[in-house]
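Q: One letter stands for each residue in the lines below.
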Amino acid sequence: MTETELFIQLIINGVTIGSYLALIALGYTMVYGIIQLINFAHGDVYMLGFLISLTFLGFLDVNRTLGGWQLWVITFGVMFVTMLCTGTINMLIDRIGYKPLRRAPRLAVLITAVGMSFMLENLGMLWKGPSQINYPAIFPAIDILNDMLGMTTAVLFTTKDVFLMGVTVPLMVLLSLFIRNTKMGKAMRATSQDREAAALMGINVETVIRNTFFIGGALAGAAGMMVGLYLNTGRYLMGFDAGLLAFTSAVLGGIGNIGGAVLGSYVIGFLNAGSDQYLSSEWTRALVFTILILVLVFKPSGLLGERTPEKD
Amino acid sequence: MAQIWDSLTGPWRALPARQRQILTWAFSIFLLLIFPLVDNAFNWGVVNDVTDVLVLVILALGLNIVVGYAGLLDLGYAAFFAIGAYTTGILTWPGHSLQWNFWIVIWAAVIVAALFGIVIGTPTLRLRGDYLAIVTLAFGEIVPVVIRNLGGVTIGVGPWRLVSDFNLTNGVQGLNPVGRPSIWGFTFSFDPTPWYYLILIIAALVILASARLQDSRLGRAWMALREDETAADCMGVDPIRTKLLAFAIGASFSGFAGAFYAAKLQAIFPELFKFNLSVMILCMVILGGMGNIKGVVIGGMLLQLFDRVILTQTTFFVRYVGQALHISPLATIDLSLWRWFFFGLAMVVIMLVKPEGLFPSAARRAELHAAEEETLQPAERG
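Read top to bottom, the protein sequences are chains A and B.
Position one of the first sequence corresponds to residue 1 (my numbering), numbered consecutively onward.
Position one of the second sequence corresponds to residue 313 (my numbering), numbered consecutively onward.
Just so you know, the hints here were simulated from the structure itself, not pulled from any lab data.
Errors might be hidden in some of the hints.
[As the list claims (entries may be wrong)] Derived lysine-lysine pairs resembling DSS-like cross-links, with alpha carbons at most 27 angstroms apart:
#	chain 1	residue 1	chain 2	residue 2
1	B	Lys606	B	Lys666
2	A	Lys183	A	Lys128
3	B	Lys586	A	Lys128
4	A	Lys99	B	Lys666
5	A	Lys183	A	Lys99
Keep in mind it's a predicted model, so treat the numbers as computed, not measured.
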């Protein structure tokens, strides 16, 4: 690989990592915007999205590369059901773990969130075992540059990359349209600005919170399935790792800010890919967390955030 | 029945409270001191396990300073334990040809751990609580990664080398052997009894320190910050300095535990200090009751009893039932795989049902239930 090819590959990798991180980061940032809580269990909802979609594919008994209408119907059908499941799970997490503690000291909710995350993570382990799990390669991986366009290059850009971006980007656009144009979206924005004032204006804050958790969980579930289709492997700890990365992205972009979360995810995606390539993958996590700490210390409002995290 | 009980306990209850307290203490200390003899006489062979439990209890007491007293959620506490253990390992591992005396090294471990507490605390303690939680979580993740990668570092540009194959922690293989303590010509070895007495002394020191800190000016400042930071600040408590001290002192306890653990285990690996350990220690603190020494000690021991004894025994029982009823999933179940799930569950259930823990301190209980009671009851000191 030449230097240029390496660099192009880095951009491709960065965009793919950034795309699925963005889907997870959106859930963190939306929940944080509305109830000022880090939903530690969010990464594990993403992991459950992976496992649930895997189970549905198992029911349908598909374990080969599909083509034609079958491919689209199965992929999007399973994705839709998975999103419903993970959305509901996330909503239940809030209902069981966080809602009774809305007025309790913050420490109590945080501990519940950590406990929830730990429970879900280990449920994942008990469900599918502690080792790496294979995910059926139902999506064809055709090398676009070499095989379709007839170029000769070492850069690997496949139909799977296109698919990943082709699903994540529209989902983000949909979310942004929803938040900008619907009544519920308006209620969500109002609640995240000032919960009490929103309640006084007749907005049912609990409904808004429930919807936020549902949407966040659904997006995380979609991300879990996308990563399964893309990497064809995963494991119960994937939620913990991706959760930390996605949270870092959300903070980097300015927590509570939807656009910021997407931007932060792509930045973290590129950094991740760059560190893997030029430094060493062993140091990638240490690097990302160092960035997290630096951002929190020097610019806690993030790249796009306006509000600084104030003390409660 | 009740009369027999009354007549038996009558003389005891007739004693003044102060004397009863002294007698209870004396009796507990006596039990702890003769425990290895009893263990030997009955051939239980659990001295080693009890020693490990005490190490964890010391860690829980250290975390209790941070979470219980100061109300700061530290999710990476195992990192300080790792730092204490690795300081000991690095200073006594034959590969480094330093091989310092253990009794000096244990203090070095305490100081290094406390310094790292300050290093991680200084930039982060200005942040609000949940950010602190995630930063400490990240710190807890970085430390094992760094330890794993410091087994052969080469930094240089082209042929020029700043550092060539620098080996501090021996990477994944870990440090083995670690120097053993020796005193008056007696060297600690595989017999668990001397280790037991050593950890008992350390535990006693740590409990004493915790108890003295709780009522000290610093301890009251921590609790004031925990309950209302703005009000405490207005009363002249310096929030950053006070929180930093909580971090440093909490970390220093784990320095003791780390040094002891490394010397006893004789080998340390990065894998020993994962996030799971931090969660387990946090769970020990929460179960007994945050901010209460007695609660943390008893709660920690109960959790360990559950983890080490009850879970395996229940597995046998459930399997037996499963075999009798021909339910194959039950007959082959291994509940020890469920242990981490139960820890997570315990954290959620305690926070929802009894956030002050099983053995609460009165102040903490009042605080955690403040939202439910419309008016805050004046808190008694516990």
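Q: Does each hint hold? Answer for all of them.
A: So, going through the hints one by one against the coordinates:
1. B:Lys606 - B:Lys666: Between Lys606 of chain B and Lys666 of chain B the Cα gap is close to 17 angstroms, so the pair holds against 27 angstroms.
2. A:Lys183 - A:Lys128: Violated: Lys183 of chain A and Lys128 of chain A sit about 40 angstroms apart, past 27 angstroms.
3. B:Lys586 - A:Lys128: holds (21 angstroms)
4. A:Lys99 - B:Lys666: The hint holds at about 16 angstroms.
5. A:Lys183 - A:Lys99: Since the Cα atoms of Lys183 of chain A and Lys99 of chain A sit roughly 23 angstroms apart, the hinted pair holds (cutoff 27 angstroms).
Comparing the model with each earlier hint shows a violation of hint 2 alone; every other hint is respected.
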